[in-house]
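S.K.: Below, each chain spelled out in residue letters.
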Amino acid sequence: MNSKLSTSLFVTLGLLVLLIGAMAVAGCTDNAKKTGELPPLQKQSIKVSGSTTVLPIAQKAAEAYMATHPNADIQISGGGSGVGVQQIGEKTVDIGMSSRDLKATENTKYPDLIKHIVAKDGIAIVVNPKNEIKGIQAAAVADIYAGKITSWTQVPGAHMPDTNNQIVVIGRDSASGTREFFDTHANGILKGTPPTKSMLEKNSNGAVTQTIAQTPGAIGYVSIGFVDKSVKALPIWWNDPSKAVEPTKENVLSGAYPINRELFMFTNGQPTGLAKDYIDFILSPDGQKIAVSEGYVSLI
Amino acid sequence: MDLNTGTKQDPLSPRTRRFPQTHTTAQLRERKEKAIKTVWFLTALSAILAILFILLFLLRDSLPIFQQVGIEQFLSGTTWYPSGSPPEYGIFVLIVGTVLVTLGAMVFAVPLSIGCAIYIAELAPLWAKNILKPAIELLAGIPSVVYGFFGLIVLTDVIRTTFDIPTGETWLAGSILLGIMALPTIISISEDAISMVPKEYKEGSLAIGATRWQTISQVLIPSALSGITAAVILGFGRAIGETMAVLMVTGNAAIIPDPIWNILSPVRTLTGTLGIEMGEVAVGSDHYAALFGLAVVLLAITLIINTVAVVILTNIRQRQAGSYSGKGAIMQNLTGRLRRPLIICGLLSVVTAIIVIAPLTIALPVLVVLGAAYFFKDRLKPHTSEQVAFCFITAAAIIVVLILVILLQDIVIHGLPALSWEFLTQSPKDLGRAGGIFPAIVGTLYLVFGAILFALPFGVGAAIYLIEYTKEGNVTRIIRTTVDLLNGTPSIVFGLFGLAFLVYFLKFGVSLIAGQITLGLMVLPTIIRATEESLKNIPQSLREGSLALGATRWQTIYRVVLPPAIPGIMTGTILSLGRAAGETAPIMFTAVVFSQRYLPSSLTDPVMALPYHLYILATNVPGSSTNKYGTALVLLLLVIGIYAVAIMMRSHFQKKLRG
Numbered sequence: 020m021n022s023k024l025s026t027s028l029f030v031t032l033g034l035l036v037l038l039i040g041a042m043a044v045a046g047c048t049d050n051a052k053k054t055g056e057l058p059p060l061q062k063q064s065i066k067v068s069g070s071t072t073v074l075p076i077a078q079k080a081a082e083a084y085m086a087t088h089p090n091a092d093i094q095i096s097g098g099g100s101g102v103g104v105q106q107i108g109e110k111t112v113d114i115g116m117s118s119r120d121l122k123a124t125e126n127t128k129y130p131d132l133i134k135h136i137v138a139k140d141g142i143a144i145v146v147n148p149k150n151e152i153k154g155i156q157a158a159a160v161a162d163i164y165a166g167k168i169t170s171w172t173q174v175p176g177a178h179m180p181d182t183n184n185q186i187v188v189i190g191r192d193s194a195s196g197t198r199e200f201f202d203t204h205a206n207g208i209l210k211g212t213p214p215t216k217s218m219l220e221k222n223s224n225g226a227v228t229q230t231i232a233q234t235p236g237a238i239g240y241v242s243i244g245f246v247d248k249s250v251k252a253l254p255i256w257w258n259d260p261s262k263a264v265e266p267t268k269e270n271v272l273s274g275a276y277p278i279n280r281e282l283f284m285f286t287n288g289q290p291t292g293l294a295k296d297y298i299d300f301i302l303s304p305d306g307q308k309i310a311v312s313e314g315y316v317s318l319i
Numbered sequence: 006m007d008l009n010t011g012t013k014q015d016p017l018s019p020r021t022r023r024f025p026q027t028h029t030t031a032q033l034r035e036r037k038e039k040a041i042k043t044v045w046f047l048t049a050l051s052a053i054l055a056i057l058f059i060l061l062f063l064l065r066d067s068l069p070i071f072q073q074v075g076i077e078q079f080l081s082g083t084t085w086y087p088s089g090s091p092p093e094y095g096i097f098v099l100i101v102g103t104v105l106v107t108l109g110a111m112v113f114a115v116p117l118s119i120g121c122a123i124y125i126a127e128l129a130p131l132w133a134k135n136i137l138k139p140a141i142e143l144l145a146g147i148p149s150v151v152y153g154f155f156g157l158i159v160l161t162d163v164i165r166t167t168f169d170i171p172t173g174e175t176w177l178a179g180s181i182l183l184g185i186m187a188l189p190t191i192i193s194i195s196e197d198a199i200s201m202v203p204k205e206y207k208e209g210s211l212a213i214g215a216t217r218w219q220t221i222s223q224v225l226i227p228s229a230l231s232g233i234t235a236a237v238i239l240g241f242g243r244a245i246g247e248t249m250a251v252l253m254v255t256g257n258a259a260i261i262p263d264p265i266w267n268i269l270s271p272v273r274t275l276t277g278t279l280g281i282e283m284g285e286v287a288v289g290s291d292h293y294a295a296l297f298g299l300a301v302v303l304l305a306i307t308l309i310i311n312t313v314a315v316v317i318l319t320n321i322r323q324r325q326a327g328s329y330s331g332k333g334a335i336m337q338n339l340t341g342r343l344r345r346p347l348i349i350c351g352l353l354s355v356v357t358a359i360i361v362i363a364p365l366t367i368a369l370p371v372l373v374v375l376g377a378a379y380f381f382k383d384r385l386k387p388h389t390s391e392q393v394a395f396c397f398i399t400a401a402a403i404i405v406v407l408i409l410v411i412l413l414q415d416i417v418i419h420g421l422p423a424l425s426w427e428f429l430t431q432s433p434k435d436l437g438r439a440g441g442i443f444p445a446i447v448g449t450l451y452l453v454f455g456a457i458l459f460a461l462p463f464g465v466g467a468a469i470y471l472i473e474y475t476k477e478g479n480v481t482r483i484i485r486t487t488v489d490l491l492n493g494t495p496s497i498v499f500g501l502f503g504l505a506f507l508v509y510f511l512k513f514g515v516s517l518i519a520g521q522i523t524l525g526l527m528v529l530p531t532i533i534r535a536t537e538e539s540l541k542n543i544p545q546s547l548r549e550g551s552l553a554l555g556a557t558r559w560q561t562i563y564r565v566v567l568p569p570a571i572p573g574i575m576t577g578t579i580l581s582l583g584r585a586a587g588e589t590a591p592i593m594f595t596a597v598v599f600s601q602r603y604l605p606s607s608l609t610d611p612v613m614a615l616p617y618h619l620y621i622l623a624t625n626v627p628g629s630s631t632n633k634y635g636t637a638l639v640l641l642l643l644v645i646g647i648y649a650v651a652i653m654m655r656s657h658f659q660k661k662l663r664g
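Heads up: the sequence lines are chains G and D, in that order.
Sequential numbering from 20 applies to the first sequence in the numbering used here.
Sequential numbering from 6 applies to the second sequence in the numbering used here.
These aren't lab readings, by the way, just hints derived from the structure by calculation.
Cβ atoms here follow ideal geometry from the backbone N, Cα and C, with glycine treated the same way.
Fair warning: there could be bad hints in the mix.
Stated by the list, open to error - Partner residues aside, some chain G positions facing chain D, computed with beta carbon under 8 Å:
hint, residue
1, Q78
2, L132
3, E199
What the hints assert, rightly or not - Below, simulated DSS-like cross-link-like pairs (lysine-lysine); rule was C-alpha separation at most 30 Å, straight line:
hint, chain 1, residue 1, chain 2, residue 2
4, G, K128, D, K512
5, G, K248, G, K139
6, D, K134, G, K295
7, G, K167, G, K153
8, G, K308, D, K660
9, G, K216, G, K251
10, G, K248, D, K434
11, D, K512, G, K295
12, D, K434, G, K134
13, D, K512, G, K62
14, D, K434, G, K110
15, D, K134, D, K660
16, G, K134, D, K512
17, D, K512, G, K110
18, G, K79, D, K434
19, G, K268, D, K434
20, G, K62, D, K660
21, G, K295, G, K268
22, D, K512, G, K122
23, G, K139, D, K512
So that you can see chain D by itself, here it is in the shape it has in the complex:
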């Protein structure tokens, strides 16, 4: 034993006896571990920093309107008329519009997507699964402008002629369109969650004699509930934050539907107002500040709904696991006893609502069906109820595929005539009515890959930190709340933030790098959530086994936990790629020009981009119809190409997983 030095040393190691001053490998390893942990902690902080900056920037620019009009008057005023004299800034009508449209979208999307996810995960034959999953992710890659135009040209017309009303621009159109846009997110992540449920649960349930439907509904769905809720929250964020598509189909009339359930009335949402007025408003004016106040209110609504969802989820999970504590146990007792009367009350109110709302011809059949369902629910043989359930689920999958086919055929049929070698390799001429879109293709590729390169390390790092290095506590809750908040931020707010912060404040100017960072911020929440969910699904026994063998934490993560999680991470990346390629609002103010002579030669040059090109063609260049669809088709093909590579990589990793 060396008495001269005061350091802790292994007395038996020959190395420390010969070199008493060096660190042991154990200490070095520990330093490395700490360093890695700090790196991941910093990436997790990045999400908080981003949302903090965005909030600060929004609050700073919206302060004048709160000072002038007062928060109460702003929130409860029923007239939004900024160009009047005096101008009126009351956003109550807009809040109602947003809530109604998003609620409608969720009612439309959630049952459909969960049904479709169950179909893909459990019922589909292998060939159908291989086609369906990429096809649905393709839905995520359709640009929001294309959705908007599809809604404007096809959807509103269908609604107008079906219901025989003067115009089809209604709450219903907005909800259906937003629901369709949220579908791919919810389906993909739910399907991942359902298929990651351990096989033992399913096999155990089947072994004790449950039918497949009973296994799915009583065992698989509840255990995948965390992933499904994450999926629904992400989908909800997508729906509430969508700007371009919703402002084209809801009519933007600032009125509250009269009566409130009149789904055929035009409405106006907060994001629609932002999208429609932001570009023209005078900077620094009261109208400008009011629009930023809108964005703050929107974030507040997202925060409230996310918190409610998390509370409900925690409640459900506690009920499943039976792990109530203290106050929770008393509540559990109470609610347990109140359950039956509550359900009866709920049913009665639904019945009354239906009788009041719908005309008798619709109300009676609906009531008969509902009554039959309730009556027969427990009286049917399990086999029969399984068949009924499977019918509905297959129908859900068919409806989703039908939607995709309708959208695609619209783009393909109108866009195919525009495709030619010249279209793909030349610059636009005559305002885009002739020539090609080559620089826009290159610009989109640069933007998308830059965004993913920025978002992947931060996103995966943040998720690793949240899952692997910390326990559920206040810090992780705050990080998760801010990530959900970031997810619900409208795309146009990202664009404005990028403009004020990256373009003006950091003096990047309108440049490629500004666009990449803005897009990266926008897709960050999707990547974080998807990675989190896939990491959560790795059974704890794997980690414990690895640690028991003597591996360090980072070695465990790198070699044991990450590889099986890669398919889930790829799903998140794929969804993000599609979204980044198709969004207009974030790049509109930060990175794009409609035309320039040369291709960008450095990160500080502006670029052309396909969704923006499409947007300008569609809104301000008369007579460009063919090229408009041609651009949409090329964007779609580009997204398919990128997806193909990503999906190949994902299925490769999945095959390795299965062994």
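Chain G extracted, bound-state conformation:
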């Protein structure tokens, strides 16, 4: 009897501790959140989801907006452009973010979606910093990705010390908006040629940057906002090596660097209320400044 008593006592105690802990945690936070703010009845909330490329802009803009509008609650999540379009089409969110335009099937399934362009995104060709190359021809990049050039010795100016100069080709997954632009768009690089089968596919800008930073012979493409000291972004030339254009925000804005695409937010029908205010904020000069601070290119 004694052991049975002590067992149940022990279990109850354990559960009680957990319960109290959970309540304390919940209680503490709710109080901390609610002091100094208007009662929750007046809070408006919208849900935003979709492309993880657009997410940084949406997040920073939401933070800035919520700082000046204490009643607003903007909930942001990722999941990908496809999921974003599906969710706005099914109306489970208020705004769907996408880094690519609607596909034909999405257009027929959800005819009421309205497109808002929120920023531009430049795509930079990056290599490992140890590579001695200073600039590269767009056609050479296309040949590398198509598998026609496999060694850095075949690219003028390129040299990887201490390696056998083999090129490691890094790309994105086949459903990525970035890749679609790179592969097929008129302003992209491959312009329709299929990339080599031995191209390694990564699922995000961050992963591409990480791989290139630690693989000496690698080449890849990322959003300009992701270029940091761990990779080297290459100036691109088309016909004249002396006229190589660097992948910077200014060059994208001026049009000198044509490898860029637009980022979208979709709403189901015309936006109203908090969604409208939020999108207007992003399109305003303050909002565009936020986009630029994250490494994207403003529309104005």
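Take the given structure of chain G and dock chain D to it, following the hints.
M.R.: The following block gives chain D in isolation, referenced to the frame of chain G:
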């Protein structure tokens, strides 16, 4: 005797004479028993229902691609190029990739984990055992995203520099990483199985003069074989269903390694394809349907391998017990006579393979070692072979601990600078690069506890029904097959199923409850299997004794069978807790947001969660490195905290068992 009523009555009971219309206590008790049995039967059905729904949903969404491309072309086509014109959907290369990586993972994990399990169960001193078992379960609590990044940053670099190849993203990296992820499952459940072997077997064997190693290898392991196989199947399911980690380290190049045993070639798995393309694909398009077709094929592969494993296990068990029947006896005779020639053929083919594959410098030493092992196997004194075996086993345990230490030090060293009171109690700011992760901590706790609350009753109930109320027959086989199938389902398929069924169809929206149910479904198989194994280990004599004393079936289960099984159930719960806390894919589409202002106030609100926060920081927020590791460290500490409570409870029950 009362002639007026037609009911069966006890003529001698004074109660029935005074109240002729009431039921006897016996009838009431019988009704209660039936009711309880039905309840457990329904919980067992829940596993079938879950897998049925998932299959239906997968088939429905994948039908367009099968209609368009045809099953044969889909399965045998060698080009996967959905963004081409025309798009090509051939998944043969992906199937090969999955099989190769999972096979490699099992080759890496199974010997290591069985060796480690033997070490913990039989060889380890008490202090080592108390540290090792929780430490290995800790491995299960490391989020898959963290494994992925460890693989990307550390493992691939090591492989690249060791083998002097252009990139370390290879089949080898994928196998090692998946093997490490499967280790805790296999070790924990095998160790439970080995320690539950009745003491009499071990003592009997030692008494007739066998050495400890002979006892372990000839008596303990064969009797624990059912548990070990369950452990390996669970580990295999974990390996084949892992999405996030594998897509970061295998390179995702859709090629077949050339030659086929080139472990340094990049590969692409089915789950990696699902994980990498699912979020961006246009809903309703052919590409979307093709991805669902992938998931169906993956389930089919899991089903085939599970069935093969069960057949092999039954065969081994029959051979042990000598209980062949009919056809089986003829097969037994045949295989008995063919055994020796078969073994010789097998050895010869292994030798040829090694000579062909590896360069001479490696092949010769390996062959010498193998030859020596075969030659000396029966010529060594039992004492010497015991020492050799124990060397290997201790080495296995040391390797596992080393892996854990390497993983942990990576997280701790990089994450410690980020820890501060502010980090733990504030909301994230500046895209997560500053501020804290408090709402994510709360969200993870809600999700994990909700998932366990959902999965425990269904899981334990299903296991009780399977073991206690039924004999091995067709129904139990079907239930067990579906549970194994559920176990092999990739985590991202759970996420998609949760999205389509819970979020859209049942209109829960992206909410806490959707996430809890999805996570609960994901951990259900682990709990069912672990509970089953621990119930199976309760000796039949206990049940018979209790029933002989007049207890009902439910009383027997509740008072006699369940209490000693609780440590095993706790192991399953612990493993599930760790997995639920660290998974990203199931909650990505069903429950989480990257940021919100308020904490969730009801079950229908979305939540923030640590693994998802980590995932977004790692993949899409440049410059967040410290906070990324800080989040991983906090998640780890959270899991340790939950484990600590669970482990305390488990050791309490174990102490009571020992008396």
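S.K.: Determine for every hint whether it applies to the structure shown.
M.R.: Hint check results:
no., hint, result
1, Q78, "holds (5 Å)"
2, L132, "violated (12 Å)"
3, E199, "holds (6 Å)"
4, G:K128 with D:K512, "holds (19 Å)"
5, G:K248 with G:K139, "holds (22 Å)"
6, D:K134 with G:K295, "violated (61 Å)"
7, G:K167 with G:K153, "holds (21 Å)"
8, G:K308 with D:K660, "violated (64 Å)"
9, G:K216 with G:K251, "holds (25 Å)"
10, G:K248 with D:K434, "holds (24 Å)"
11, D:K512 with G:K295, "holds (25 Å)"
12, D:K434 with G:K134, "holds (28 Å)"
13, D:K512 with G:K62, "holds (23 Å)"
14, D:K434 with G:K110, "holds (28 Å)"
15, D:K134 with D:K660, "holds (15 Å)"
16, G:K134 with D:K512, "holds (26 Å)"
17, D:K512 with G:K110, "holds (11 Å)"
18, G:K79 with D:K434, "holds (9 Å)"
19, G:K268 with D:K434, "holds (25 Å)"
20, G:K62 with D:K660, "violated (53 Å)"
21, G:K295 with G:K268, "holds (27 Å)"
22, D:K512 with G:K122, "holds (26 Å)"
23, G:K139 with D:K512, "violated (35 Å)"
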